[in-house]
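Colleague: These are the residues of each chain, in order.
There are 2 protein chains.
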Amino acid sequence: MRALIPYKKENAKSRLSPILTRMEREQFVELMLRDVVCSLREAGLNDIDILTTSEYGSLAGLNVNFVIDSNDLNESINKYLEKIDQPVLIIMADLPLARPEQVKSIISSKEDVVIVPGKGGGTNVLFVKNPSKFHVRYYGMSFCNHCAIAKDMHQSLKIYDSFLLSTDIDEPHDIVEILLHGHGLSLEYAKEKFELESGRARVKLASIQ
Amino acid sequence: MRALIPYKKENAKSRLSPILTRMEREQFVELMLRDVVCSLREAGLNDIDILTTSEYGSLAGLNVNFVIDSNDLNESINKYLEKIDQPVLIIMADLPLARPEQVKSIISSKEDVVIVPGKGGGTNVLFVKNPSKFHVRYYGMSFCNHCAIAKDMHQSLKIYDSFLLSTDIDEPHDIVEILLHGHGLSLEYAKEKFELESGRARVKLASIQ
Numbered sequence: 006m007r008a009l010i011p012y013k014k015e016n017a018k019s020r021l022s023p024i025l026t027r028m029e030r031e032q033f034v035e036l037m038l039r040d041v042v043c044s045l046r047e048a049g050l051n052d053i054d055i056l057t058t059s060e061y062g063s064l065a066g067l068n069v070n071f072v073i074d075s076n077d078l079n080e081s082i083n084k085y086l087e088k089i090d091q092p093v094l095i096i097m098a099d100l101p102l103a104r105p106e107q108v109k110s111i112i113s114s115k116e117d118v119v120i121v122p123g124k125g126g127g128t129n130v131l132f133v134k135n136p137s138k139f140h141v142r143y144y145g146m147s148f149c150n151h152c153a154i155a156k157d158m159h160q161s162l163k164i165y166d167s168f169l170l171s172t173d174i175d176e177p178h179d180i181v182e183i184l185l186h187g188h189g190l191s192l193e194y195a196k197e198k199f200e201l202e203s204g205r206a207r208v209k210l211a212s213i214q
Numbered sequence: 006m007r008a009l010i011p012y013k014k015e016n017a018k019s020r021l022s023p024i025l026t027r028m029e030r031e032q033f034v035e036l037m038l039r040d041v042v043c044s045l046r047e048a049g050l051n052d053i054d055i056l057t058t059s060e061y062g063s064l065a066g067l068n069v070n071f072v073i074d075s076n077d078l079n080e081s082i083n084k085y086l087e088k089i090d091q092p093v094l095i096i097m098a099d100l101p102l103a104r105p106e107q108v109k110s111i112i113s114s115k116e117d118v119v120i121v122p123g124k125g126g127g128t129n130v131l132f133v134k135n136p137s138k139f140h141v142r143y144y145g146m147s148f149c150n151h152c153a154i155a156k157d158m159h160q161s162l163k164i165y166d167s168f169l170l171s172t173d174i175d176e177p178h179d180i181v182e183i184l185l186h187g188h189g190l191s192l193e194y195a196k197e198k199f200e201l202e203s204g205r206a207r208v209k210l211a212s213i214q
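Read top to bottom, the protein sequences are chains A and B. Residues are numbered in my numbering as their position in the first sequence, beginning at 1, plus a constant of 5. Residues are numbered in my numbering as their position in the second sequence, beginning at 1, plus a constant of 5.
This is chain A alone, in the form it adopts within the complex (with noise of 0.2 Å):
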């Protein structure tokens, strides 16, 4: 078994640039990354695929490996589920919210694919046991897109429901679930930024001054 993790590190998360320079944003992508690849490995997954269009020297200490392809990520995902013959398990960089007890869950399921899906339509862990039997389709209505193919290819499907791995952190507003439900570098690196702003309704982020 292994995990695929598409990444991009260059002007990364364009949508947090209101509160974070793109300097902070190249950082910050890369820790919450870190935490990702943490909690794979807790779950006892060590085979740990970066892909990317292009390898970046800083994540040696990661121990992980590169696969480095310039297309388009549904391209360059399907190439890679063509190549393998193995369940594959891809995750996106940007859930640094993903603990080992739920990674464990998903890949012990008895279901052929399984999809987490992500706020408004979106796809943010995806499971595949016969890689030669499914393909991806990401963007815009993903997490439709993946039910269709699952029973186009006559793979049995499971929704796996978390909220931890439906939050993929884009915008402001997203970390603030990091200050409440986060751990590891990512944790540390919005403590050190924001804090929480409480009122009547829904907590609001503040930059530390």
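Certain hints may be false.
Same chains, same label: a pair holds when it works inside one copy or across any pair of copies.
List of simulated lysine-lysine pairs, DSS-like, C-alpha gap at most 30 Å [claimed, not checked]:
#1 K163 / K88
#2 K209 / K163
#3 K156 / K198
#4 K88 / K14
#5 K196 / K156
Think of the hints as simulated: they come from the structure by calculation, not from any bench.
Keeping the supplied structure of chain A fixed, place chain B upon it in accordance with the hints.
Modeller: Coordinates of chain B only, in the frame set by chain A:
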């Protein structure tokens, strides 16, 4: 074991007013409540109390009890907890994605208190085995409040991780999740009024003309 559902109909869900009239919102919250009640019953929870400021005749068919209390949410729930001597599941009425599986899993937990966090520090579901040893403090960072109260009262605590139960329907984009992951009356209603618009990013809501 009982369930308690705080419910407000008059001018409910004002943040949905850009897309639903007052009358539509009042109709919609009742349908969401009915879906929640249905999931509770399917999970075997039949003693259901609706906490509200005034009795709603139109809910008669639901076969629920009314607890009428004009006090603040926290005050009225704490008064309720003082009176009962059995485990209680406090679940919000705006959680139409709730499914019997999750409810069953929560009420069969071995811990004294189970908290299901909502987005932004909220508490969407709260299971309290020993009502005399707990009190609530909703609003603001209620998730943190409830964790602290469980600790102070020496009650063992479980945080239950669920995307479906973290999704309270407050804002227009939350209705996207009903269209994607919903069921029952609220899904039917949402499908009558809205459709999904898909691009490369998260799915958006569009009104059906």
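Colleague: Confirm or reject each hint.
Modeller: To see whether the hints hold, each was checked on the structure:
no.	hint	in the structure
1	K163 / K88	within (24 Å within a copy, 42 Å between copies)
2	K209 / K163	between (34 Å within a copy, 25 Å between copies)
3	K156 / K198	between (44 Å within a copy, 28 Å between copies)
4	K88 / K14	within (25 Å within a copy, 56 Å between copies)
5	K196 / K156	between (43 Å within a copy, 23 Å between copies)
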